[in-house]
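There are 2 protein chains.
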Amino acid sequence: MTEDGTDRTVPGYRDTTALDLRSGTPVRDVPSPSPAVAGAPVHETTAIDRGAVPPPPATAEPVPLRSVEQHLDEILTAVPQPDPIELAVLDAQGLLCAEEVVSQRALPAFDQAALDGYAARALDVEGATPAEPAHLSVVGETVAGPSGPASIGPGMAQKVAAGAMLPAGADVVVPVVWTDGGMATVAVHAGPLAGTYVRRAGDDVAPGTTAVQVGTPIGPAQISLLAAVGRDRVQVRPRPRVAVLSAGSELVEISTPPGPGQVVDVNSYALAAAARDAGAEAYRWGVLPAEPRRLSEVLESQLLRSDLVLVAGTFASEGDPVQEALAALGPMQFSQLTMHPGPVQAFGRLGPDSVPVICVPGEPVAALVAFEVFVRPAIRMMLGKRQLFRRTVQAIAAERLLSPLGYRQYLHGQVMRHPDGGYVVEPLGDGGEAMLARMARANCLIVIDEDVTEVAAGGLVTVMPLLLGG
Amino acid sequence: MTEDGTDRTVPGYRDTTALDLRSGTPVRDVPSPSPAVAGAPVHETTAIDRGAVPPPPATAEPVPLRSVEQHLDEILTAVPQPDPIELAVLDAQGLLCAEEVVSQRALPAFDQAALDGYAARALDVEGATPAEPAHLSVVGETVAGPSGPASIGPGMAQKVAAGAMLPAGADVVVPVVWTDGGMATVAVHAGPLAGTYVRRAGDDVAPGTTAVQVGTPIGPAQISLLAAVGRDRVQVRPRPRVAVLSAGSELVEISTPPGPGQVVDVNSYALAAAARDAGAEAYRWGVLPAEPRRLSEVLESQLLRSDLVLVAGTFASEGDPVQEALAALGPMQFSQLTMHPGPVQAFGRLGPDSVPVICVPGEPVAALVAFEVFVRPAIRMMLGKRQLFRRTVQAIAAERLLSPLGYRQYLHGQVMRHPDGGYVVEPLGDGGEAMLARMARANCLIVIDEDVTEVAAGGLVTVMPLLLGG
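So the protein sequences, as listed, match chains P and C. Note that our numbering has the first sequence beginning at 1, numbered continuously upward. Note that our numbering has the second sequence beginning at 1, numbered continuously upward.
Note that these hints are calculated values from the structure, not bench results. Be aware that one or more of the hints could be misleading.
Derived DEER-like restraints, expressed as beta-carbon distance ranges [unchecked claim]:
id, chain 1, residue 1, chain 2, residue 2, range
1, P, 304, C, 88, 23 to 31 Å
2, C, 184, P, 255, 50 to 58 Å
3, P, 460, C, 207, 37 to 45 Å
4, P, 426, C, 207, 22 to 30 Å
5, C, 451, P, 215, 34 to 42 Å
Residues from chain P shown here face chain C by an in silico Cβ test under 10 Å; the list is partial [stated by the list, open to error]:
id, residue
6, 70
7, 254
8, 324
9, 327
10, 441
This structure is a prediction, so every number in the text was calculated from the model and none was measured. For every residue, glycine included, the Cβ atom is placed at its ideal position computed from N, Cα and C.
Chain P extracted, bound-state conformation (with noise of 0.2 Å):
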């Protein structure tokens, strides 16, 4: 096999079990093949496993091979955007405004004192100063709330409290500290311009002007402008709807002690909270029935309530009934990506609305390695978000870190700030270490690119921070 792939068997396959042959040392707890073969150089297959993930299976029937971003590009142009629906003001939190919010109502919606005061006429305390103040009467006093109709004449001021109406007449709030306090009469120590302390109606918002623009994110603050023009409902982008299912043989239920050979779903599992992390309205289906008729019944159902359907499995032998149902479903590639780990994914938009199904592999760290790489960002862009992508990093590699030319390499990590600025990154995984417990302590998936086999201790490599909501 040469690097251009000249020699593949298959056009557009290539037998990715080879991948890792041409660079990197054994991984510290996988025993280093025999001395006696040492000078082969398939035994470097264990280099790129880092005790984490072993080389992509040889499937029984070639696969495409195709590149992380080719899936992706893949993906993000079929995700249909779901319609706006209309929701209540709080459980709009968190999405994006689907229309153009336009107050029909002034705020404030009267003349308002900004401050405690006087409410005067500027007219009348033109000049003050403490050594000559102005004297006015003071008629009232009126406090926030309703009231009915208040006046002032020339020579008078009424006290009002912040948020008060502003009595007919009255131009200037006098703040207190302006005057000597008064309660009949009040001396007032300057003479503010008119308008002064005074909140115009219509001042905060006008009517017939826009509050909430399309496409900005609903949270607190913007709940509150909703709220004070009067909208208790808004169109929103939803949460899109996903299904997660797993697929398997060897899956048996949580709750269920697995016996020789079985084990626990726990992809419809971390899914689920994967995808609702993401802001999607996340559905644990579970393990996926055996049966053939069952389980096309299940994949058909789920499709009808779903806008986006979420398998993970193998699906690495022939004659795998889920594979075949799916494919009557409609068009679903299955391919082997230049990704590690996890290469075989697939896509497709199956059943009478079309809608995208995504699968992943069925290894618990490549199923949420995968999540974060293709439907985290198509979830988001299905909620309308401008930003698809977590933001990445660069940081310095505290570790050497070795990886297969041509595979992009997703490593678990803990990232650091380093105190002289900028991060460090360490590698997760002495291989003495569990795989789940290892993804549990990340904090940090370091990526590295196709062209790169190795990255020296101190070296700078990308790395993308893992931040969950709180």
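With chain P's structure known, arrange chain C on it following the hints.
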């Protein structure tokens, strides 16, 4: 009044309406005091507003003066942590684990192949090379899934898929690429050491070891691990139940067009959204009734059902019915804080269960600032989070910022990355824009400390980015 407050008329009290007499220039939208009084320092009161929030109102009753830190300390010291509860693992998402989860199971539960290949005895393949392969009889095939007992003897191999049970007698898996891929007999081209590509029972998690520790935030990776060890429920720190109430005779429900002097209840919506964003289970009660008996009933019933009660209101006037109703339920301390906006804040533990009650200002911008400063850390403490406060960054001020001496000021701003590294922050609000709309455009709070009165354009200032979930 002097800086050290020696001329306070009441001990611990300082008339905060005069807080801004020392520094600054008038804001753009508020007319300057007339030239006739330009020399009077009182006129510079307009300086700190920046069009955003008027100086704190003079209250009829002097209330104690305290710092932001003092008030926050009192709240965080008094806030209890709700008892752990057991939830289904998917409902535990985003919460902190409150138990030491010890695995009763081994992961994997059985010795298994780490990749597709041939299970064999290391002795039989020792020293094999492509030139001198070892020939083995293939006695069967095992795929992933439930399987009965199988075994191999000397000179035998079994074809195995990744995840399949290893037959008894086998101690190595030879990857397909290291063989001729034979079906009846297989020629093995390498002699890996015993244990190569074998995942032993318990390698991932051994029985009796801790899978998830107390205090671990539960995300998709932890849910994956919990499911793998057979846990469908887990003890967590629960979301605190937060009741959100608004107080004020001027308030009407969102669906009611406000009459003269009335305003829509914005805070119960905005604060419920903020509480939920902070991780609470928020319950929006709405506007408190005016009738004293009914008011007390509502407060009492909310104390019974909540871990924290949040009340937004102005609380400035004498004989405020809400203040009186609160006082009847326990010690409620109203304080004048050295804080802008929203100096009047309160905290107490009321009712038979001493439920914490936090009062924040009624002005919607000040209410959400107070939420950020006092309520969000309290909710995070109740959730058991170690990190109570938002991360702050230092940013270059794009404009000159003014702040009253002795007061900590919070300004809404927009922070962005500087092309040369670091951050730049622009204060929001040229005065011509709505207060609520300005807050809705902000992505950070600018925090100006008590002893700072001016930050020059280009100077460094502390910024608290307001990230929402997703």
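Each hint, compared with the structure:
1. Distance hint check: the CB atoms of residue 304 of chain P and residue 88 of chain C are about 26 Å apart, consistent with the given range 23 to 31 Å.
2. Checked against the given bound of 50 to 58 Å, the beta carbons of residue 184 of chain C and residue 255 of chain P, roughly 42 Å apart, lie outside it.
3. Taking the beta carbon of each, residue 460 of chain P and residue 207 of chain C are about 41 Å apart, inside 37 to 45 Å as hinted.
4. The hinted range of 22 to 30 Å is satisfied by residue 426 of chain P and residue 207 of chain C, whose Cβ atoms lie roughly 28 Å apart.
5. Hint check: residue 451 of chain C to residue 215 of chain P, Cβ distance near 41 Å, so the stated range 34 to 42 Å holds.
6. Checking residue 70 of chain P against chain C: minimum C-beta separation of about 25 Å lies over 10 Å; hint violated.
7. With its C-beta approaching chain C no nearer than about 5 Å, residue 254 of chain P sits inside the 10 Å limit, and its interface hint holds.
8. Because the smallest distance between the Cβ of residue 324 of chain P and any Cβ of chain C comes to about 16 Å, over 10 Å, the interface hint for this residue is violated.
9. A cut of 10 Å between beta carbons decides the hint on residue 327 of chain P: the least distance to chain C is about 20 Å, and the hint is violated.
10. Here the hint on residue 441 of chain P is kept, as its CB sits about 8 Å from the closest CB of chain C, short of 10 Å.
Violated hints, listed in ascending order, are 2, 6, 8, 9; each of the other numbered hints is respected by the structure.
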